[in-house]
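Below are the chains, spelled out letter by letter.
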Amino acid sequence: MSHYKKFLSDKPMSENVIIVNNLSKKFGSFTAVDNISFSVAEGEIFGFLGANGAGKSTTIRILCGLLSPSSGSAVVAGYDVNHQAELVKTRIGYMSQKFSLYEDLTVKENIIFYGGIYGLSNAQIEERMGWIVEMTGLSGSENRLTRELAVGWKQRLALGCAVIHQPRIVFLDEPTSGVDPVFRKNFWELINQFSEQGTTIFVTTHYLDEAEYCNRLMLIHRGRIIAGGSPGELKEIYITNPILEIECDSALEVLEILQKEEWVIESSIFGTYLHIMVRDELEAKHKIKKILSEKSINLKRVDKITPGLEDVFISLIEKPEQSDRL
Amino acid sequence: MFKKLKPVIKKEFRQISRDRRILAVLLFVPTFLLIMFGYALNFDVKHISLAIYDEDRTSDSRNLIEQFIHSEYFELNYYLNNQKEVDKLLDNEKVKLAIIIPNNFSKKLQRGESAEIQIIIDGANANTASIISGYVNSIVQNYSLKIISEIFQHSKILHLNLPLEPRPRLWYNPELVSAKFLVPGLIAFILMITTVISTSLSIVREKERGTIEQIIVSPVQPIQLIIGKTLPYMLLALVSAYLILMVGYLLFDIEVKGSQFLLFLVTLIYLLAGLGMGIFISTVSDSQQVAFQISALLTILPTFILSGFVFPIRNMPLFIQMVTYIIPARYFLVAIRGIILKGSGLGAFWKEIVFLVIFNILIFGLSWLRMRKIKI
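Taken in sequence, the protein lines are chains A and Y.
Numbering follows the working numbering, in which position 240 of the first sequence is assigned residue number 535; successive positions increment by one, without gaps.
Numbering follows the working numbering, in which position 194 of the second sequence is assigned residue number 203; successive positions increment by one, without gaps.
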């Protein structure tokens with residue numbers, strides 16, 4: 296196929312491969328995506344972050360040509376998704392959160408099928424099959440039925456099938472949902488490999504720890520983009536106050552108590568710990584110790600921490616001016 | 010076009026071959042159904058259980074009874090001694106017909122009066138009852154004529170022949186075997202059900218599992234996907250159709266009298282109608298369960314009742330007759346019965362084929378519109 300070769304040769308560097316302008320999508324009276332604009336540079340790992348229902352999947356589906364936008368435009372790999380969807384399709388790979396493999400076909404047959412619908416020749420499919428099997432670590436399992444594979448392996452195979460035609464951009468829609476942490480880490484290493492080879496990765500996730508792997512992030516909340524930048528930038532810009540991590544008994548009770556204090560800007564629970572944002576570190580530490588001893592609650596430790604993206608996200612969506620509109 | 014079609018077709022065949030159930034449904038259930046229906050759906054009325062209460066007990070009454078015994082339609086199972094037993098036998102469905110010959114039967118005949126006999130028929134099945142009534146009438150009338158002509162001959166007034174003598178000859182199905190009439194209908198019935206259900210399910214399954222998304226983001230066009238997915242089922246349905254014909258030949262002696270090529274062509278057009286319906290159903294349903302229910306609803310009863318398979322269309326009320334125009338089996342039945350039983354050519358059913366083609370164009374157009382609107 297001609298386009299197959301072309302991917303390898305004419306690759307202009309650091310060009311914006313995704314350009315989105317004032318994109319909106321309405322379902323009846325519900326606005327799933329509300330007038331968003333952004334761009335993604337070639338070779339980036341671009342993370343699209345948000346809670347379930349924030350508009351991530353809708354956006355990714357518009358960019359892949361699965362949905363038409365209500366208004367606005369999007370250019371992917373140099374083509375308009377509204378009018379040149381067919382040209383876009385040959386240049387992108389897409390992996391949905393459902394891992395769209397045929398469970399009643401073997402690993403090999405799935406690869407042959409996806410290679411076939413992208414118009415690859417038998418020789419090309421053969422070559423790519425070797426590569427996919429090696430990359431996914433599925434060698435020896437080529438003739439197993441896909442339904443027999445564990446979720447983590449299915450996910451890797453789905454990724455392999457999504458990039459069989461060596462697309463310029465890969466869209467991954469919640470690729471790690473339902474996969475155990477070991478496989479998730481593993482999977483991100485795989486994504487990094489692709490990125491190093493020059494493939495642009497557009498990934499949506501609601502796991503905030505995963506977002507740290509991305510070069511650049513966009514936070515979407517209720518259909519609107521509320522922040523963007525590299526993980527480091529986000530933390531620097533949006534977390535200006537110190538954050539303390541508290542380890543203590545009956546964390547919920549402590550949360551309730553601290554929320555009432557005027558010097559606590561934000562508070563939230565992280566697993567068994569509490570994170571609170573305060574104005575002054577030393578003053579706050581002192582007050583916490585005092586309050587807890589008055590209530591005779593056992594305090595194990597209280598430390599200042601480097602904020603994670605969770606803290607950024609909570610800080611952003613709790614700001615009333617960001618969340619008052621739908 | 011074909012280059013991207015091929016992987017889809019290959020994939021579909023692989024999936025079908027791996028799913029033994031669908032393979033069985035497509036290939037063997039139809040022949041099984043034919044065998045079941047072929048033997049069970051029997052409209053022939055023969056060996057009717059008969060009870061006789063002969064009060065008269067004369068040679069005349071026995072002569073009349075002989076007429077019934079000698080016909081292949083009746084079996085004298087009960088020779089009664091009182092009238093009350095008649096009620097019981099009819100109530101328990103032991104007999105379908107009871108004949109009561111009163112004790113003055115012979116006397117009246119001898120006197121040249123009209124002798125009455127009482128005939129009681131179980132009318133629960135109106136169809137069977139009217140057939141039995143017909144048989145009884147003809148036997149009784151024949152017997153009357155025989156008596157009249159005997160009287161004339163006896164009196165030597167003149168030698169009399171009956172003025173009219175009907176000689177009926179039945180064409181196309183001379184032995185009046187129901188199976189001959191049914192097999193073409195069953196082919197229509199079975200092909201419609203299997204193609205509609207299998208195509209709608211196979212497309213909706215991809216929707217349900219999300220694999221269709223992966224295909225829509227690829228350069229494969231929806232139309233290529235649909236063709237690629239339905240071709241294998243079409244082929245299987247054809248194989249199934251010929252299996253039915255083969256079983257029909259082996260078990261019911263049904264030979265195709267007309268052109269094999271024409272039969273193939275007509276069947277192909279009919280299968281397309283089924284595929285079109287299957288595709289349309291898959292565009293309006295989101296789960297395999299819904300698709301199955303709609304498919305079953307739209308095929309099983311309409312094809313059985315409204316196609317002329319069992320009940321003649323011209324006997325239906327006008328409104329129902331109008332409805333039958335949207336049942337593809339209606340057209341196919343005329344054509345296939347013509348080809349198989351009468352050996353007729355295209356001239357006999359070209360109108361039906363035109364209607365069928367129009368149906369196909371409409372159903373595919375409708376599906377295409379739906380698909381474009383919702384991106385499958």
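Keep in mind the hints are simulated off the structure, nothing from the lab.
Take the hints with a grain of salt, since some may be wrong.
Only pairs whose alpha carbons sit at most 16 Å apart, straight line, appear in this in silico EDC-like list of lysine to aspartate or glutamate [claimed, not checked]:
#1 Lys403/A with Glu21/Y
#2 Lys599/A with Asp575/A
#3 Lys155/Y with Asp69/Y
#4 Lys216/Y with Glu561/A
#5 Lys580/A with Glu605/A
#6 Lys393/A with Glu21/Y
#7 Lys13/Y with Glu561/A
#8 Lys393/A with Asp69/Y
#9 Lys19/Y with Asp399/A
#10 Lys599/A with Glu561/A
From the derived model, a few chain Y residues whose C-beta atoms are all more than 12 Å from chain A [what the hints assert, rightly or not]:
#11 Pro16
#12 Val229
#13 Phe261
#14 Phe313
#15 Ile329
#16 Phe364
Bear in mind the structure is a predicted one, so any value in this text is a computation, not a measurement.
We put the beta carbon where it would ideally sit given N, CA and C, even for glycine.
We went through each hint and held it up to the structure:
Distance check on the hinted pair: Lys403/A and Glu21/Y sit about 15 Å apart at the alpha-carbon level, within 16 Å; holds. Proximity of Lys599/A to Asp575/A is assessed by CA-CA distance (about 11 Å); at most 16 Å being required, the pair is judged to hold. Proximity of Lys155/Y to Asp69/Y is assessed by CA-CA distance (about 12 Å); at most 16 Å being required, the pair is judged to hold. A distance of roughly 44 Å separates the Cα atoms of Lys216/Y and Glu561/A; the hinted pair therefore is violated under the 16 Å criterion.
A hinted pair counts as satisfied when its Cα atoms are at most 16 Å apart, and Lys580/A with Glu605/A does not qualify at roughly 22 Å. Note on Lys393/A and Glu21/Y: the hinted pairing is violated, with a Cα-Cα distance of about 20 Å set against a maximum of 16 Å. In summary, the hint linking Lys13/Y to Glu561/A is not supported, as the alpha carbons are separated by about 56 Å, beyond the 16 Å threshold. For the hint pairing Lys393/A with Asp69/Y, the CA-to-CA distance comes to about 87 Å; that exceeds 16 Å, so the pair is violated.
Simply put, Lys19/Y and Asp399/A have alpha-carbon atoms about 13 Å apart, close enough for the 16 Å limit, and the pair holds. For the proposed pair Lys599/A and Glu561/A, the alpha carbon gap of about 14 Å is at most 16 Å, so the pair holds. Against the 12 Å criterion, Pro16/Y falls within the reach of chain A, whose nearest CB is about 3 Å from its own CB. Residue placement check: Val229/Y does not keep its beta carbon more than 12 Å from all beta carbons of chain A (closest about 5 Å).
No Cβ of chain A comes within 12 Å of the Cβ of Phe261/Y; the nearest lies about 37 Å off, and the non-interface call holds. The non-interface label for Phe313/Y is consistent with chain A: the shortest C-beta to C-beta separation is roughly 33 Å, beyond 12 Å. The Cβ of Ile329/Y sits about 40 Å from the closest Cβ of chain A, beyond the 12 Å cut-off, so the non-interface label holds. The Cβ of Phe364/Y sits about 37 Å from the closest Cβ of chain A, beyond the 12 Å cut-off, so the non-interface label holds.
Violated hints, listed in ascending order, are 4, 5, 6, 7, 8, 11, 12; each of the other numbered hints is respected by the structure.
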